[in-house]
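Visitor: Please model the complete structure; the sequences and the hints are all you need to start from.
From first to last, the protein sequence lines stand for chains A and B.
For any residue, its number in the numbering used here is found by taking its place in the first sequence, counting from 1, and adding 214.
For any residue, its number in the numbering used here is found by taking its place in the second sequence, counting from 1, and adding 1032.
Be aware that a few hints might be false.
As the list claims (entries may be wrong) - Here are the computed distance ranges between Cβ atoms for each label pair:
| hint | chain 1 | residue 1 | chain 2 | residue 2 | range |
| --- | --- | --- | --- | --- | --- |
| 1 | B | 1095 | A | 232 | 40 to 48 Å |
| 2 | B | 1116 | A | 294 | 38 to 46 Å |
| 3 | B | 1105 | A | 281 | 34 to 42 Å |
| 4 | B | 1058 | A | 256 | 16 to 24 Å |
| 5 | A | 311 | B | 1054 | 26 to 34 Å |
| 6 | B | 1095 | A | 228 | 22 to 30 Å |
| 7 | A | 257 | B | 1033 | 34 to 42 Å |
| 8 | A | 219 | B | 1085 | 33 to 41 Å |
| 9 | A | 281 | B | 1102 | 36 to 44 Å |
| 10 | A | 260 | B | 1099 | 25 to 33 Å |
Said to hold, decoys possible - Examples of chain A residues lying across from chain B (beta carbon under 8 Å, computed):
| hint | residue |
| --- | --- |
| 11 | 257 |
| 12 | 259 |
| 13 | 261 |
| 14 | 265 |
| 15 | 305 |
| 16 | 315 |
| 17 | 317 |
| 18 | 319 |
| 19 | 320 |
| 20 | 321 |
| 21 | 322 |
| 22 | 324 |
Rather than coming from a laboratory, the hints here were simulated on the basis of the structure.
The structure presented is a predicted model; accordingly, all values stated were derived computationally and were not measured.
Using N, Cα and C, we set each Cβ at its ideal position, and we do this for glycine too.
Here is how the chains run, residue by residue.
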Amino acid sequence: AQTVTQSQPEMSVQEAETVTLSCTYDTSESDYYLFWYKQPPSRQMILVIRQEAYKQQNATENRFSVNFQKAAKSFSLKISDSQLGDAAMYFCAYRSTYNTDKLIFGTGTRLQVFP
Amino acid sequence: EAQVTQNPRYLITVTGKKLTVTCSQNMNHEYMSWYRQDPGLGLRQIYYSMNVEVTDKGDVPEGYKVSRKEKRNFPLILESPSPNQTSLYFCASRISGGNSYEQYFGPGTRLTVT
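Guide: Okay, here's the thing in structure tokens:
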């Protein structure tokens, strides 16, 4: 069975600085999707960024980028120029291409942003 | 506006009193799921449905029931709630096929069972 591990329960960053959130996963599959979701205090789950495993190029969405290391089964999220609105819980998630509905989530990393 | 709605948003109930949390989506999505979120555990899938009248268990189905009689609705039923079902619940939906892999989440339902 696939698992997702987020080893940093909490992280903090100063406004305008860069922070990296870690995520590792375990799977025997070769094709899958990886996601980062943001959950602000409103509790809404917001998709931040996604990566297809067959793509070598790291995904980027504005200030958010990932470092996808397929061999190492690592999928970290880098937030550049951090803003106060980035403060939230961040979840890493895995989805198989075979069971195309279930997302397997990590336990989350709470990010604090200080002015 | 494309959205997934859940009702109620907050619910406090007592052990054993049957309850239903409704979920509705207006995007004509085939896939729908229920997740529960608990501190230190992330989100875990309870049940999912691939289309009308097609449902299956996720990772933590004990104590829950679902039905999918219409494409847009996917209610979660707790026939005899217990305190260990106190949690934050999310409904999600997604279109099937192609590269449409984004799941759309509802706003969440905070359930407390005393």
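Visitor: Please go over all the hints and tell whether each is borne out by the structure.
Guide: Against the structure, the hints come out as follows:
1. The hinted window of 40 to 48 Å between residue 1095 of chain B and residue 232 of chain A holds, with their beta carbons roughly 43 Å apart.
2. Taking 38 to 46 Å as the suggested C-beta distance range, the pair residue 1116 of chain B and residue 294 of chain A conforms, at roughly 41 Å.
3. At about 40 Å, the CB distance of residue 1105 of chain B to residue 281 of chain A agrees with the hint of 34 to 42 Å.
4. The beta-carbon spacing between residue 1058 of chain B and residue 256 of chain A, approximately 20 Å, falls within the hinted interval of 16 to 24 Å.
5. Between residue 311 of chain A and residue 1054 of chain B the CB atoms are about 31 Å apart, so this pair conforms to the stated range of 26 to 34 Å.
6. Restraint check, residue 1095 of chain B to residue 228 of chain A: a C-beta distance of roughly 44 Å breaks the suggested window 22 to 30 Å.
7. Between residue 257 of chain A and residue 1033 of chain B the CB atoms are about 19 Å apart, so this pair departs from the stated range of 34 to 42 Å.
8. Our hint of 33 to 41 Å for residue 219 of chain A and residue 1085 of chain B holds, since their Cβ atoms are close to 36 Å apart.
9. Look at residue 281 of chain A against residue 1102 of chain B: about 43 Å separates their beta carbons, and that is inside 36 to 44 Å.
10. In this structure the hint that residue 260 of chain A and residue 1099 of chain B lie 25 to 33 Å apart at CB holds, the actual value being about 28 Å.
11. Because the smallest distance between the Cβ of residue 257 of chain A and any Cβ of chain B comes to about 4 Å, under 8 Å, the interface hint for this residue holds.
12. The restraint placing residue 259 of chain A at the interface with chain B holds, with a minimum CB-CB distance near 4 Å, inside the 8 Å limit.
13. At a threshold of 8 Å, the smallest CB-CB gap from residue 261 of chain A to chain B is about 6 Å, leaving the interface hint in force.
14. About 11 Å separates the beta-carbon of residue 265 of chain A from the nearest beta-carbon of chain B, more than 8 Å, and the hint is not met.
15. Because the beta carbon of residue 305 of chain A sits about 6 Å from the nearest beta carbon in chain B, less than 8 Å, this interface hint is met.
16. The beta carbon of residue 315 of chain A is positioned within 8 Å of a beta carbon in chain B (closest approach about 5 Å), and the interface hint is therefore held.
17. Taking 8 Å as the C-beta contact cut-off toward chain B, the hint placing residue 317 of chain A at the interface holds, the least distance being around 6 Å.
18. Interface hint status for residue 319 of chain A: upheld, as the beta-carbon distance to the closest one in chain B is roughly 4 Å, under 8 Å.
19. Evaluation of the residue 320 of chain A hint against chain B yields a held restraint, the C-beta minimum of about 6 Å falling below 8 Å.
20. With its C-beta approaching chain B no nearer than about 5 Å, residue 321 of chain A sits inside the 8 Å limit, and its interface hint holds.
21. Interface hint at residue 322 of chain A: satisfied, since its Cβ lies 6 Å from the closest Cβ of chain B, which is below the 8 Å cut-off.
22. For residue 324 of chain A, the shortest C-beta to C-beta distance to chain B is roughly 11 Å, which exceeds 8 Å, and the interface hint is violated.
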